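Participant: Chain V: place on chain R using the hints.
Taken in sequence, the protein lines are chains R and V. For the first sequence, counting from 1, position 137 maps to 137 in the numbering used here; every step adds exactly one. For the second sequence, counting from 1, position 44 maps to 44 in the numbering used here; every step adds exactly one.
None of these hints come from the bench; they were simulated from the model. Please read these numbers as outputs of a predicted model, since none were measured by experiment. Any given hint could be a false lead.
[What the hints assert, rightly or not] To give an idea of the chain V side of the interface with chain R (calculated C-beta under 8 Å), a few residues:
#, residue
1, Ala15
2, Ile316
3, Ala322
4, Gln324
Every residue gets a Cβ at the ideal spot worked out from N, C-alpha and C, and that includes glycine.
One letter stands for each residue in the lines below.
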Amino acid sequence: MDPIIRIEGLYKEYETDAGPVPVLKGIDLSIDPGEFVAIMGPSGSGKSTFMNILGCLDVPTRGKYIINGRDVGTLNADQLAHLRNEVIGFVFQGFNLLPRANLEDNVSLPLVYGDVQKSERIARANDMLGKVGLAQYSKSLPNQISGGQQQRVAIARALVNRPKLILADEPTGNLDTRTSGEIMSLFRQLNETDGITVVLVTHEPDIATYAKRLVKFLDGSLIYDGEVSEART
Amino acid sequence: MMVQMLIEAWRAMGANRLRTFLTMLGMVIGVGAVVLMLAIGQGAQYSVSQSISSMGSNLFIVLSGSSTSGGLRMGLGATPTLTVGDAQALSELPEMLAVAPVVPGVAQVVYGSSNWSTQVFGTTPAYLAVRNWTIAQGYPFADSDVRSATRVALIGQTVAQNLFGNEDPVNKTIRIKQSPYLVVGLLSAKGQSLDGRDQDDTILIPVTTAQRKLFGSQFQGTVRFIMAQAVSAQMMPAAEREMDALLRQRHHIREGADSDFTVRNLTALVNTAAQATRVMSILLGAIASISLLVGGIGIMNIMLVSVTERTREIGIRVAIGARQRDILMQFLMEAIIISIVGCTAGVVLGVGGAAAANHFADITVVITGGSILQAFMVAACVGIFFGFYPARKAARLKPIEALRYQ
Numbered sequence: 001m002d003p004i005i006r007i008e009g010l011y012k013e014y015e016t017d018a019g020p021v022p023v024l025k026g027i028d029l030s031i032d033p034g035e036f037v038a039i040m041g042p043s044g045s046g047k048s049t050f051m052n053i054l055g056c057l058d059v060p061t062r063g064k065y066i067i068n069g070r071d072v073g074t075l076n077a078d079q080l081a082h083l084r085n086e087v088i089g090f091v092f093q094g095f096n097l098l099p100r101a102n103l104e105d106n107v108s109l110p111l112v113y114g115d116v117q118k119s120e121r122i123a124r125a126n127d128m129l130g131k132v133g134l135a136q137y138s139k140s141l142p143n144q145i146s147g148g149q150q151q152r153v154a155i156a157r158a159l160v161n162r163p164k165l166i167l168a169d170e171p172t173g174n175l176d177t178r179t180s181g182e183i184m185s186l187f188r189q190l191n192e193t194d195g196i197t198v199v200l201v202t203h204e205p206d207i208a209t210y211a212k213r214l215v216k217f218l219d220g221s222l223i224y225d226g227e228v229s230e231a232r233t
Numbered sequence: 001m002m003v004q005m006l007i008e009a010w011r012a013m014g015a016n017r018l019r020t021f022l023t024m025l026g027m028v029i030g031v032g033a034v035v036l037m038l039a040i041g042q043g044a045q046y047s048v049s050q051s052i053s054s055m056g057s058n059l060f061i062v063l064s065g066s067s068t069s070g071g072l073r074m075g076l077g078a079t080p081t082l083t084v085g086d087a088q089a090l091s092e093l094p095e096m097l098a099v100a101p102v103v104p105g106v107a108q109v110v111y112g113s114s115n116w117s118t119q120v121f122g123t124t125p126a127y128l129a130v131r132n133w134t135i136a137q138g139y140p141f142a143d144s145d146v147r148s149a150t151r152v153a154l155i156g157q158t159v160a161q162n163l164f165g166n167e168d169p170v171n172k173t174i175r176i177k178q179s180p181y182l183v184v185g186l187l188s189a190k191g192q193s194l195d196g197r198d199q200d201d202t203i204l205i206p207v208t209t210a211q212r213k214l215f216g217s218q219f220q221g222t223v224r225f226i227m228a229q230a231v232s233a234q235m236m237p238a239a240e241r242e243m244d245a246l247l248r249q250r251h252h253i254r255e256g257a258d259s260d261f262t263v264r265n266l267t268a269l270v271n272t273a274a275q276a277t278r279v280m281s282i283l284l285g286a287i288a289s290i291s292l293l294v295g296g297i298g299i300m301n302i303m304l305v306s307v308t309e310r311t312r313e314i315g316i317r318v319a320i321g322a323r324q325r326d327i328l329m330q331f332l333m334e335a336i337i338i339s340i341v342g343c344t345a346g347v348v349l350g351v352g353g354a355a356a357a358n359h360f361a362d363i364t365v366v367i368t369g370g371s372i373l374q375a376f377m378v379a380a381c382v383g384i385f386f387g388f389y390p391a392r393k394a395a396r397l398k399p400i401e402a403l404r405y406q
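Only chain R is shown next, with the shape it has when bound in the complex (with noise of 0.2 Å):
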């Protein structure tokens, strides 16, 4: 099976007034389809600027970068949003839900932006909120449920368009713990049950042990990447 990831000599530096700073030097990865893929490291160590890359909301200044099979480096702008929409779903740490919108409107902006009809829009938007549990609020405002809530709906969004990639970059990061649980839990379902590869960031080492396979980020550079089981925290 093709990996749904490639990764290859990929470079990252930021151009500032003292010269260029490398942030990504020379990272190699492979992702296959249906993997749970926990990304950690310290701050500083080009962690989100990797996540960044990984859902082509920021371009490499070198290096080979291959998503679903599509190599990023020769897809222009237009090309990139649509990948966005229909291959990868994003979940932030702060749940970037719009807050004048409803919990309907907003699972279901994706498809506005993938040109589905208004019917159908509807009803996967109203079938994703009952997936995490939250049917009943479809018409609520963001600001009227919970922290948690509001991950959840954020997980909807980013399931709606049914993507074989979630990207989270620290979903847990504004929750309490049980909490965490909960939407780690959901993860973990959706990728046994879904098939779907999840990537996430995080800090935390509870978090990282839902996934299966752990990749480690130092000053730029990959310094470990195996199982979840045997790496030393």
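Facilitator: Coordinates of chain V only, in the frame set by chain R:
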């Protein structure tokens, strides 16, 4: 997709109602001013064109020239040198449509127990054609009346009002300076002339009757002035040359000597008036356009603030698959909605203002569908023009920077 964008634009505008309203207000005032000023400007042009057509078009007036008598130079028309024969000759020029000699005077007019002092013009039936004047009731007098100098009269509306009240004046006999005249027709209303005189306060009688019976003159057979109408505006310069040549020949004026008459082009006067109102309406339009421009800048200003405020939202949308043109369209849509809603309110305000100006200040206003359409087009263009830059700024935001924005 389009419907969804409209809904989202509406939601975004509703989130900050006061700001949306104030932004719109700039547009409302701008468009309102344009509509109102166009209405007033076009109204002024309409008034002038009404006055012009009431005077008659492509007109010349030929006045008797000055004469010198014992070293004393007399003013124009002091010595009548023009005759009915001159008018007859002029009317035979191919450039002329109609020519009428005029012997003016003032006389007391009596009917029953009413009397009225008015202006009496001795002229020919061609005068009606020259002045573009019609008969409301009865008939005009004929060339045969001119030949036989009969006592018949055409009376203006003001005269009829003062002598007859509501009575039908046609076929009644009035007395002008003691002599009886049969009223054969009532002239249609003409209103004020450009210089403010009441053109309906007039009686027309055959020129020969005026010369021989009513006014008399030491210069038998002469007329004070001749009004002539050229075939078209293009023919006027040629007509002026021909008239000059013909009259010099008829008056036996040698080469190089001064003419004893003056030909004046009345259209020049009218054109000046029309030009002045045209300049005025352009000026009004320009001032109004500036307020529309200010309204447009207000839209741009607010849209820029809105883009900055919603940077994070833009980041989210990009992350879940919005293309640059989706973001561009979303912000552009907001600007256009503000413009069009503002414009609609502005049109209402402008039309209302014009109606008020008409009602309270008695200003002539003309509102055409064209001017409203024009205001709409301009407003839509202002929305697109001033909305485009902020929208493009939004669309070009880098997704990671937008997402990190607090």
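Participant: Less than 8 Å between beta-carbons is the criterion; does Gln324/V satisfy it with respect to chain R?
Facilitator: holds (6 Å)
Participant: Going by Cβ atoms only, is Ile316/V closer than 8 Å to chain R?
Facilitator: holds (5 Å)
Participant: Is the hint on Ala15/V kept, meaning its closest Cβ partner in chain R is under 8 Å away?
Facilitator: holds (5 Å)
Participant: Does Ala322/V pass the interface check with chain R, least Cβ-Cβ distance below 8 Å?
Facilitator: holds (5 Å)
Violated hints for the displayed structure: none, as all numbered hints are satisfied.
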